[in-house]
Amino acid sequence: MDRRIQHHPVLGAIAPGKTLTFQYNGKPYTALHGDTVAAALLAHGVRQLRVHEESGSPRGFYCNIGHCYECRVTINNRPGVRACLTLVEADMEVFSGERLPAPLKHPKAKDSSEGRDSQLLQKGLREG
Amino acid sequence: MTDVLIVGAGPAGLSAALACREQGLSVRVVDEFYRPGGRLLGQLHEEPDGQWWNGLEEAAKLHDKALQAGVDIRCGVSVYNVAKADGNWQAFTTEGVCEVPALLLATGASETAVPVPGWTLPGVMSIGAAQVMTNVQRVRPGERGVVIGINVLSVAIARELQLAGIHVDRMVLPALSPVTSSAGHPEKVMESMLRVAHLAPSPLIRLGSRLVQSLGLQKRGIRFYPSGGIRMWGIPFQLRTAALEIVGTGQVEGVRIARISPEGVPVPGSEKIIPADFVCIAGGLSPLAELAAVAGCAFAYLPSLGGHVPLHNERMQTSLPGLYVAGNITGIESAKVAIAQGTVAGLSIAADLGKLREPEPLRHAMERVCLVRQQAAIQFHPDIALGRERLHQMYEQAQAM
Chain A
8 MDRRIQHHPV LGAIAPGKTL TFQYNGKPYT ALHGDTVAAA LLAHGVRQLR
58 VHEESGSPRG FYCNIGHCYE CRVTINNRPG VRACLTLVEA DMEVFSGERL
108 PAPLKHPKAK DSSEGRDSQL LQKGLREG
Chain B
39 MTDVLIVGAG PAGLSAALAC REQGLSVRVV DEFYRPGGRL LGQLHEEPDG
89 QWWNGLEEAA KLHDKALQAG VDIRCGVSVY NVAKADGNWQ AFTTEGVCEV
139 PALLLATGAS ETAVPVPGWT LPGVMSIGAA QVMTNVQRVR PGERGVVIGI
189 NVLSVAIARE LQLAGIHVDR MVLPALSPVT SSAGHPEKVM ESMLRVAHLA
239 PSPLIRLGSR LVQSLGLQKR GIRFYPSGGI RMWGIPFQLR TAALEIVGTG
289 QVEGVRIARI SPEGVPVPGS EKIIPADFVC IAGGLSPLAE LAAVAGCAFA
339 YLPSLGGHVP LHNERMQTSL PGLYVAGNIT GIESAKVAIA QGTVAGLSIA
389 ADLGKLREPE PLRHAMERVC LVRQQAAIQF HPDIALGRER LHQMYEQAQA
439 M
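These protein sequences, in sequence, are chains A and B. Residue numbers 8 to 135, in this note's numbering, belong to the letters of the first sequence in order. Residue numbers 39 to 439, in this note's numbering, belong to the letters of the second sequence in order.
Simulated from the structure, these hints should not be mistaken for lab results.
With a straight-line Cα cutoff of 30 Å, these simulated DSS-like cross-link-like pairs (lysine-lysine) come out:
{"id": "1", "chain 1": "A", "residue 1": "LYS25", "chain 2": "B", "residue 2": "LYS99"}
{"id": "2", "chain 1": "B", "residue 1": "LYS226", "chain 2": "B", "residue 2": "LYS310"}
{"id": "3", "chain 1": "A", "residue 1": "LYS25", "chain 2": "B", "residue 2": "LYS103"}
Here are the in silico distance ranges between beta carbons for each label pair:
{"id": "4", "chain 1": "A", "residue 1": "PRO16", "chain 2": "B", "residue 2": "VAL135", "range": "43 to 51 Å"}
{"id": "5", "chain 1": "B", "residue 1": "GLN106", "chain 2": "A", "residue 2": "ASP9", "range": "32 to 40 Å"}
{"id": "6", "chain 1": "B", "residue 1": "PRO313", "chain 2": "A", "residue 2": "ALA20", "range": "24 to 32 Å"}
{"id": "7", "chain 1": "A", "residue 1": "GLN30", "chain 2": "B", "residue 2": "TRP271", "range": "37 to 45 Å"}
A virtual CB, placed ideally from N, CA and C, is assigned to each residue, including glycine.
Take the sequences, apply the hints, and build the full model.
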């Protein structure tokens with residue numbers, strides 16, 4: 008399905024432009040000259056740009072103008088680049104942000120500390 | 039040697055750059071985005087006179103004029119700190135430090151986040167993100183969308199999405215919470231829509247008159263609001279429905295909604311999940327003023343202007359010498375007001391640097407801001423003029439101290 012808005016009743020047709028090829032997570036994708044990485048990927052139906060570094064939950068772009076940093080990816084080995092502000096260049100290598108190791112965080116330690124925090128909060132609320 | 043650094047290549051920044059150049063100052067404009075225009079990019083609405091306001095064209099016009107005037111415009115450059123050094127301002131940018139006698143912050147506005155459970159799923163985006171993706175980048179945000187939040191901005195953009203052939207399934211309110219506050223309260227949303235509708239571009243005027251026709255102006259009208267919503271351009275506006283959660287694994291698959299009382303309380307047993315592949319969250323705009331805060335500007339809190347704004351006067355001077363503001367950082371208003379404010383800021387900077395050739399243009403530019411404000415097609419808040427007056431009083435009081 009074509010996800011490009013080829014025609015628009017007021018803005019007219021998309022200006023014809025050069026096609027570029029770039030890579031996302033090792034797979035080739037096409038982009039139009041002037042596409043941001045976020046727009047080029049969405050045009051192919053790719054919404055997920057990274058996972059949350061700790062929880063691994065999926066993330067895409069949110070604000071699309073560089074404010075929120077939700078769309079950070081690795082481009083040509085440079086991590087933390089915003090996909091919504093970066094124009095696609097030929098042969099660019101884009102990788103989605105990955106889950107990072109959290110060696111100091113034991114899965115169960117989180118639960119117990121949360122439990123303790125809430126007990127402490129209850130105690131604090133009781134005792135003022 | 040650059041005389042003036044302007045942060046933000048939107049309507050305020052570009053018009054300020056032009057005004058500075060006309061007085062013979064050397065100007066550099068930086069912007070994080072990859073193309074100039076700021077929030078003009080993507081704006082597309084019918085004015086009350088039936089003419090289309092095409093932000094892309096307006097941005098291109100301003101950009102061309104600025105280039106012809108010899109403004110040095112650099113896109114893709116972020117400013118992450120500003121500091122005073124020996125009477126000059128230093129801006130720390132991703133292209134190095136830039137030291138100038140005058141610094142203008144025209145950073146615009148950011149969208150207010152409205153936390154909704156599930157909002158981190160890919161496919162959830164701010165309403166402005168959908169606008170830029172649709173009108174600027176020309177890629178469909180999705181095939182079936184739900185807009186959470188009914189306000190001036192989201193109504194205008196929903197119309198733009200529909201114009202581009204994108205299916206907006208419905209517009210609903212965010213669930214009532216201490217964060218969403220009046221945005222989750224049907225009576226208050228109705229009231230605010232009716233207060234601004236007559237001042238807005240024609241689609242909103244039509245929406246306003248549709249609401250009035252259907253319900254009458256009385257506040258109690260919301261009690262009889264049809265559960266399926268009132269349709270505008272085929273989009274149901276469901277003021278008596280709230281989004282409780284965005285659901286999906288891996289990406290957006292639907293929205294859990296419920297009927298709500300006129301006060302925003304969910305009706306038990308009315309919950310259901312509607313399918314969607316994208317969701318737009320619309321919390322309105324707030325001034326993007328971090329750099330002014332880092333610089334040490336005095337601030338004021340004025341809800342009619344969109345929140346915390348740097349204290350400034352009608353000449354766009356802040357509480358700090360050599361630091362100026364213009365555009366939405368000073369309060370949320372239309373792009374036309376931002377352009378008029380930019381001209382004031384540019385001339386004001388020239389005056390302070392001893393380069394203003396004659397005083398008349400500055401006075402005219404200041405008068406023009408008020409005029410443009412009075413005639414503005416888009417009013418984000420009915421009390422903007424009062425808020426401005428209050429802000430200028432606060433500035434004078436602070437200066438007198």
